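Residue numbers (our numbering), protein chains in the order written: chain A, 1 to 325; chain B, 1 to 288; chain C, 1 to 256.
Hint data in this document are derived by calculation from the structure and do not stem from the laboratory. For clarity, every value in this text was computed on a predicted model and none was experimentally measured. Hints are supplied without guarantee of correctness; some may be wrong.
[Stated by the list, open to error] Here are some, though not all, of the chain C residues that point toward chain A, as calculated from beta-carbon distances under 7 Å:
1. F11
2. P70
3. A74
4. S89
5. P115
6. F137
7. L178
8. M181
9. N182
10. A183
11. R197
12. F226
13. I245
14. W248
[As the list claims (entries may be wrong)] Using 25 Å as the maximum straight-line C-alpha spacing, the simulated DMTMM-like pairs for lysine to aspartate or glutamate come out as follows:
15. K195/A with D142/B
16. K4/A with D85/C
17. K130/C with E306/A
18. K84/C with E53/A
19. K195/A with D85/C
20. K184/A with D187/C
21. K76/C with E53/A
22. K184/A with D124/C
23. K319/A with E306/A
24. K94/B with E280/A
Yeah, the Cβ is synthetic: ideal placement off N, Cα and C, and Gly gets one too.
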Amino acid sequence: MNKKTNTMIILLFTLVSFLAGRWAGNDYLLSVLILIAINVLMACSLRTIFILEQISLGHVGFALIGAYSSALMVMKLNISFWLALPLSGSICALTALLLGYPFLRLKGIYFAILTFMLAESLRLIAYNWRSLTGGQFGLTDIPGPGTIGLPFLGTIDFDTMENYYYLTLMVVILSILVLFFIEKSHLNVKWRAIKDAESLAQSVGMNAILHRIMNFVIASFFAGIGGALFAHYQKGLSVEVTSRFGIMASIYLLVYVVIGGKEKFSGPIVGTIVLMMISEFARSFEEYRPIIIGFIAIIVVLFLPEGVTGIPERLTRLKQQLKKG
Amino acid sequence: MALPFQVWVQIIINGLSLGGLYVLIALGLTLILSIMGILQLAHGEVYMLGAYAVYYLAVKMGINVYAAILFSMFLMAGFGMLMERFLFRRCEDKVLSPIIISTGLTLILQAGAVIVFGLYERSIPRLSEGSFELMGVFVPKDRMVAMVISACMAYMLYLFLKRTKLGLGMVASAQNPQAAQLKGIDPHKMSLLAMAIGSGFAAAGGAMAGSILMLTPFMGTLPLVKGLAIIVLGGMGSLSGAVFGGILIGLIDGIVPVLFGPLTASLAPLVIVIIILLIRPQGLFGHE
Amino acid sequence: MLKIKNLSKRFGGIQAVTELDIDIKERQIFGLIGPNGAGKSTTLNMIDGSLFPTTGTIIFKEENITHQRPCSRAGKGIARVFQKDVLFSSFSARENIKLGLHLHSNLGLKEIFFPWSAISKKKDRILDEKAMEILKFVRLGEKADEMAINLPHGNQRALGLGIAMATGCDMLLLDEPLTGMNAQETDQMMEMITTLRDEKNLTIVIVEHNIKAVLGLCDQVVVLDFGKKIAQGDPDMVVEMPNVIEAWLGAEQDAV
């Protein structure tokens, strides 16, 4: 039963999120749903890096590259949204490829620090490169995907909130499926082997640094896609410290993954949804929201290190212990 | 560069005084990292709380600023020890759990500060009034005082680690925890001490920043970013590397924006760190 | 088969290995012996590629491999059994061997990304058979599906040997293969090592600090002390040499 949990949760997520789009009714709820969907993709791609036991504190940095490159391509080069979306992911992948070698020679804490620096530097660059990014005022009036004709469905205007939500959802689910597919592939077997015993893996012929770079590139590609989706939803980008591209945003993503459970593919999906819902219900006490999330994070790490998706296993173990006496 | 001499003096002094602050932060982070092996991401919030403590003591209660700074350092040292005892000691691993716990603390403390202290910018009384002339440039005295205090504290830490039994125990524990434990050095005690010293230093840094700049609940983020850059630059747990890296990053922050504009300045630390990592993956002062 | 010429390694101010010359012939069981801190592990790390020497060359089958990474050396036929990272802990014994086999399993894109396709499953069955053969050789045939981490120490080391064998290597580097084993496990391991040489024609390099342990096993030993070669030759002869005895006595006195 356990093997199917991930598949079940992905299916459930797909179903519920499509239905939620129908029920939401107003633009405010739809915008919350869009943000949840984008964050689910960000958290899932962040967990990909976790497979190799690396921790990125700068995942949002790649979302920033994705967001700005997609927005600028559409605005300044007149490239269509449909092309700009995969291109912006590719730009992120390329950046990760270039940074991979110097970054991934370091492990654990030092890799975390480097990614942290990267994200903060990118934010400052976006802030200071006025001619390109509009500096502190940011970019405004970023066009949406517009109207296109589709076979069977007729013409669809993706600039309405509801249709943009479905578009986001399609892209997110497709991306999650690709990540899940990689998780089930032989590539992941090698990644797990490298995580278990890197020197042994190398001595049986696996090129560990190459695999680390590949993993980083894949994760960054999807972070870029997430960023691009955000840019065309928000229609404006800014890089204040407190914005979606600040350090805190990366930290929230990390918390989503850990609370959901980093061992399972479905962990980040569950973690993101649960925490963003809690945060949404706590809207009336706006300023207490970070405190609630912070407390949950600390309590989960101390008392439930496997995260929310680890609860079933924990219960089974408890039952077995009870049976034994 | 075609800058007048006075401007050079000015920006170098600015850089050095920033560097002094960064050194205080980086020394604390490095000490915690090398003794406990963890990344304390709430270090910036300790810095912020230290600054607010000085504000309440000096402005609201009218205590002398220097006494207030000293008091705040002890207060934060105590807070650091509490964090070690009740949070970091309970972590199952050294990498992920402390990162999540300290980010959780960051969220709580930052939001808590907004609620308790409010969003207004406040400031701490200056450490010293007026300015003096150095090579044709007027230098504000408080910056010089801050520089001198940072230098003295770094030197005192050096003496403590090299000359006292406790300090030598810490160094031994950082280099080889198992061997140190065999020699009867208690790792928990060393961790408590590292958190106490590190947090005390952060409080001093925050107080000085608060007197030169402004107090806000978010003031801790920037020094944390700088401190982390210094750790990688200066060599992964090397204290002399932290001092050198702190001064270097301070000078970059003082000089580069004036010479090359803010865009280059925001890119400079990252580029320097990448270049250094390509040449020496163990950092400038680190060992293979 | 393996020629080491004038090999030196320096870490900062410490000279770990100094001007070492070693010549290992095909089908030899070669011992690299020395007291703790003599530079054995550093030498082994330079042979498998985890460390690059400061000066000197390493030639394997007429090819200069001095600056090749461990993963490319694995392709050339050098495999290593580690002292610490002996196995992949989150996999079963069988999967461990299959990870060792991966070098020669010719997985195409299809097998990597579609492990559930018919061709992949067929190839997987072939791999399974090969893995079982190796598992039987290292006497783990009955424990194929147990998690590697749950195996007893002796079995773990045998599995490590199996992983190295699975790479199809010509030369096997063993890092202290006998430490922490009981008498029966030691006998089994020694027998396996000899069989590997006699039947599979492997060349074997053993690193060991306890000279007595490898007396009956090695054809030829080199003794290191403070990074320098102090003796070479037939093991029975080398143990008798006064400078060798002195090196161990000195090391033991230091330890006390």
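Results for each hint:
Given the 7 Å rule on beta carbons, the hint for F11/C is violated: about 18 Å separates it from the nearest Cβ of chain A. For the restraint placing P70/C at the interface with chain A, the shortest Cβ-Cβ distance is roughly 4 Å, inside the 7 Å limit, so the hint holds. Because the smallest distance between the Cβ of A74/C and any Cβ of chain A comes to about 4 Å, under 7 Å, the interface hint for this residue holds. Given hint, S89/C at the interface with chain A, holds; its Cβ is 5 Å from that chain's nearest Cβ, closer than 7 Å.
With its C-beta approaching chain A no nearer than about 6 Å, P115/C sits inside the 7 Å limit, and its interface hint holds. The interface hint given for F137/C is broken, as the beta carbon of that residue sits about 17 Å from the closest beta carbon of chain A, more than 7 Å. Violation of the interface hint for L178/C is found here, the shortest Cβ-Cβ separation to chain A being roughly 19 Å, above the 7 Å cut-off. A distance limit of 7 Å between C-beta atoms decides the matter here; for M181/C the minimum to chain A is near 19 Å, and the interface restraint is violated.
For N182/C, the shortest C-beta to C-beta distance to chain A is roughly 24 Å, which exceeds 7 Å, and the interface hint is violated. A least Cβ separation of about 27 Å between A183/C and chain A goes past the 7 Å threshold, and the interface hint is therefore violated. The beta carbon of R197/C is not positioned within 7 Å of any beta carbon in chain A (closest approach about 20 Å), and the interface hint is therefore violated. With its C-beta approaching chain A no nearer than about 26 Å, F226/C sits outside the 7 Å limit, and its interface hint is violated.
About 34 Å separates the beta-carbon of I245/C from the nearest beta-carbon of chain A, more than 7 Å, and the hint is not met. Violation of the interface hint for W248/C is found here, the shortest Cβ-Cβ separation to chain A being roughly 29 Å, above the 7 Å cut-off. Proximity of K195/A to D142/B is assessed by CA-CA distance (about 51 Å); at most 25 Å being required, the pair is judged violated. For the suggested pair K4/A and D85/C, the alpha carbons sit about 31 Å apart, so the restraint of at most 25 Å is broken.
Taking the CA atoms of K130/C and E306/A, the gap is about 36 Å. The hint is violated against a cut of 25 Å. Restraint check: the Cα-Cα separation between K84/C and E53/A comes to about 19 Å, which is no more than 25 Å; the hinted pair holds. At roughly 11 Å between alpha-carbon atoms, K195/A and D85/C fall within 25 Å of each other, so this suggested pair holds. Taking the CA atoms of K184/A and D187/C, the gap is about 41 Å. The hint is violated against a cut of 25 Å.
Distance restraint check for K76/C and E53/A: the Cα-Cα separation of roughly 29 Å exceeds the 25 Å cut-off, and the hinted pair is therefore not satisfied. Proposed proximity of K184/A and D124/C is supported: the alpha carbons are some 15 Å apart, at most 25 Å. Note on K319/A and E306/A: the hinted pairing holds, with a Cα-Cα distance of about 17 Å set against a maximum of 25 Å. Proposed proximity of K94/B and E280/A is contradicted: the alpha carbons are some 32 Å apart, above 25 Å.
Hints 1, 6, 7, 8, 9, 10, 11, 12, 13, 14, 15, 16, 17, 20, 21 and 24 from the list above are not met by this structure, while the remaining hints are.
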